[in-house]
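Visitor: Single-letter residue listing:
Protein chains: 6
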Amino acid sequence: MEDNKRYESGIHVMEELFSEEVRNGMAGMKNISPDFWEMIVSFGFGDLYGRNTLSHAQREVITLTTLITQGAFDQLKVHLRAALNVGLSKEEIIELIMHCAGYVGFPKAVQAMGIAGEIFKETEVTK
Amino acid sequence: MEDNKRYESGIHVMEELFSEEVRNGMAGMKNISPDFWEMIVSFGFGDLYGRNTLSHAQREVITLTTLITQGAFDQLKVHLRAALNVGLSKEEIIELIMHCAGYVGFPKAVQAMGIAGEIFKETEVTK
Amino acid sequence: MEDNKRYESGIHVMEELFSEEVRNGMAGMKNISPDFWEMIVSFGFGDLYGRNTLSHAQREVITLTTLITQGAFDQLKVHLRAALNVGLSKEEIIELIMHCAGYVGFPKAVQAMGIAGEIFKETEVTK
Amino acid sequence: MEDNKRYESGIHVMEELFSEEVRNGMAGMKNISPDFWEMIVSFGFGDLYGRNTLSHAQREVITLTTLITQGAFDQLKVHLRAALNVGLSKEEIIELIMHCAGYVGFPKAVQAMGIAGEIFKETEVTK
Amino acid sequence: MEDNKRYESGIHVMEELFSEEVRNGMAGMKNISPDFWEMIVSFGFGDLYGRNTLSHAQREVITLTTLITQGAFDQLKVHLRAALNVGLSKEEIIELIMHCAGYVGFPKAVQAMGIAGEIFKETEVTK
Amino acid sequence: MEDNKRYESGIHVMEELFSEEVRNGMAGMKNISPDFWEMIVSFGFGDLYGRNTLSHAQREVITLTTLITQGAFDQLKVHLRAALNVGLSKEEIIELIMHCAGYVGFPKAVQAMGIAGEIFKETEVTK
Chain A
1 MEDNKRYESG IHVMEELFSE EVRNGMAGMK NISPDFWEMI VSFGFGDLYG RNTLSHAQRE
61 VITLTTLITQ GAFDQLKVHL RAALNVGLSK EEIIELIMHC AGYVGFPKAV QAMGIAGEIF
121 KETEVTK
Chain B
1 MEDNKRYESG IHVMEELFSE EVRNGMAGMK NISPDFWEMI VSFGFGDLYG RNTLSHAQRE
61 VITLTTLITQ GAFDQLKVHL RAALNVGLSK EEIIELIMHC AGYVGFPKAV QAMGIAGEIF
121 KETEVTK
Chain C
1 MEDNKRYESG IHVMEELFSE EVRNGMAGMK NISPDFWEMI VSFGFGDLYG RNTLSHAQRE
61 VITLTTLITQ GAFDQLKVHL RAALNVGLSK EEIIELIMHC AGYVGFPKAV QAMGIAGEIF
121 KETEVTK
Chain D
1 MEDNKRYESG IHVMEELFSE EVRNGMAGMK NISPDFWEMI VSFGFGDLYG RNTLSHAQRE
61 VITLTTLITQ GAFDQLKVHL RAALNVGLSK EEIIELIMHC AGYVGFPKAV QAMGIAGEIF
121 KETEVTK
Chain E
1 MEDNKRYESG IHVMEELFSE EVRNGMAGMK NISPDFWEMI VSFGFGDLYG RNTLSHAQRE
61 VITLTTLITQ GAFDQLKVHL RAALNVGLSK EEIIELIMHC AGYVGFPKAV QAMGIAGEIF
121 KETEVTK
Chain F
1 MEDNKRYESG IHVMEELFSE EVRNGMAGMK NISPDFWEMI VSFGFGDLYG RNTLSHAQRE
61 VITLTTLITQ GAFDQLKVHL RAALNVGLSK EEIIELIMHC AGYVGFPKAV QAMGIAGEIF
121 KETEVTK
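Chains as they are written, first to last, in the UniProt record's numbering: chain A, 1 to 127; chain B, 1 to 127; chain C, 1 to 127; chain D, 1 to 127; chain E, 1 to 127; chain F, 1 to 127.
Please keep in mind that the hints were generated in silico from the structure rather than gathered at the bench. Computed from a prediction, not measured in an experiment: that's the story for all the values here. Built from N, CA and C at the ideal position, the CB exists for glycine as well. A portion of the hints provided could be inaccurate.
[Claimed, not checked] Just some of the chain F residues that point at chain B, by a computed CB distance under 7 Å:
1) Ile32
2) Ser33
3) Pro34
4) His56
5) Ala72
6) Phe73
Sequences and hints are given; from them, build the entire structure.
Guide: Below you can see the structure in the form of structure tokens.
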């Protein structure tokens, strides 16, 4: 595959995961490093999310879990919205976080659940 | 629920996840701390895996992801076998690890893939 | 023990650790997931802090140390207040953070000490 | 070497790394724990940065990398400014963060790049 | 304090924490880097363990907790022996690890408990 | 750039970093997942190490630092050899690890230094 196609595939994935507003925010990265932006789109979304075998929803389960484990809570907000966009239910997300409590400890799970609560409220308001 | 039932529920889950050999190995914990053994069974398996909303296979996706992210590779071996037992395919596990490469970095993903390769080979032999 | 008693034991522990204001803040979790709230109280406080062998003050030494090591600084604030409530002195907390500097590195220790400074000031004002 | 000299050496290093404003902010630590402040200066800067074999710029490459890997983003801000002060270029810092993407995963690299963008903008304004 | 005294203080602390066999093993570091060996002794043991306010036993509680949280299991073995040497009981160590289960997750706690079991057995044999 | 070229660029970088023996070991990954092998070569080595602005030696400083911080000690062995291959001296590597002691804590630095000692001895023998 040419780099061109990898980038296009990544942009396509991002449209499925994120709202236009979120994508515009992300694209601010272009001003800091156009090369890094290209890498995020082509590799992070094109090469990884663009693959088969796992659905976008299954990939978000993996992404949410690793972000909670790493304590990467700013990124968690973005991917909680993506998870809802690709069809995970609130109940499944809550259950995922509870499962994490036993595996990464309560401090990170509690923080994740608090953030999930905010995102859930926000999505209700915009409905 | 009485503690008795939580423990029984945990034992039941463990029978679904692990072979008898693995369970016997785990039960060695009883000799070090019977209370901790009880907690692992009742909370770790009874309270968490025993819940609804997510299937055992979905829970193993979460467990594998957090173990890779933490670099907990000894535990990963046990849960790779459990993942296969509850119906995840080799292709899905490989795909999960590749997805992790972008989110936790290649060093841990490479190590996880090497371990997965060993477990896959082992399960072929025992067939 | 019945679940009922585990929950009651957890609530009792929380009254010893946290001010009413902090407990009310924590209870907001009920609105996001009543099951997770139940788990936090029954397991996190009832099953763990409710055990013998170690005092609440000794348990807070463990909790503070793991939170600093994980970089879980939001949770650290809550448990610094709890540590003071169950009898750890400011001098002991400062000493704990200095010890951590050698074991988890200065970046996390410096951040923890800054937060401890804020909590110490806050508790002086309320006196 | 006497402790006196270790402290003086540390203060000297800090003058090379940080602006007066940043150093004054750091010195607030004296009010929380004078002993910890002494340890930061004498050990963290005197004993470590004061050594030979690696330049200050090379040491900042190490420091930035470990801070990104740990997710210690508050400390990262301080050391991004120090890195620029001791001669690392923006291009080198961007390249370092991109390299980290493959080794610690994109979530932390993306967050680090966003912070670097802010620091770069800030240093342009003050020129 | 002169560096000489910091080193002597560190050696003195190490004699209280570790058996002669363990100390001889550690001293192999001198062959790789005499400067790093000096830093371990003077800073790691002299400056940190040599301070007041917390007892050696309390410091080992902190050290064990951070090692479990970091997954630094090779170092954990050494400090489990040290913890027993300075007066922590097996019951207290088991309780510490159980407390960690809730705060760092079961995978690391389970691994730590297994290692503690080995160390306990080993110390019984040498009695 | 076509994928073909990214892969070739990655293979070229790997020849500069690793001995033939190490590369053959790595290529075992092809048997587990040919796609992951392609990703490691094309992205991990082609896209990242193949870029300009930082030399291979500077990139190994970053790689060693993040591996020590993550506690990824199996990967550390491979990259310590690579670091020596691309021109870092033993003195620089020792200094890097000592610097890390202050930033990630002594446990991981001590373990890294022990491993470095083994690799240094091994390279002396093969001379």
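Visitor: All the hints need checking, so say for each whether the structure fits it.
Guide: Hint by hint, here is what the structure shows:
no.	hint	verdict
1	Ile32	4 Å, holds
2	Ser33	5 Å, holds
3	Pro34	10 Å, violated
4	His56	17 Å, violated
5	Ala72	4 Å, holds
6	Phe73	10 Å, violated
Hints 3, 4 and 6, counting from the list given before, are not met by this structure.
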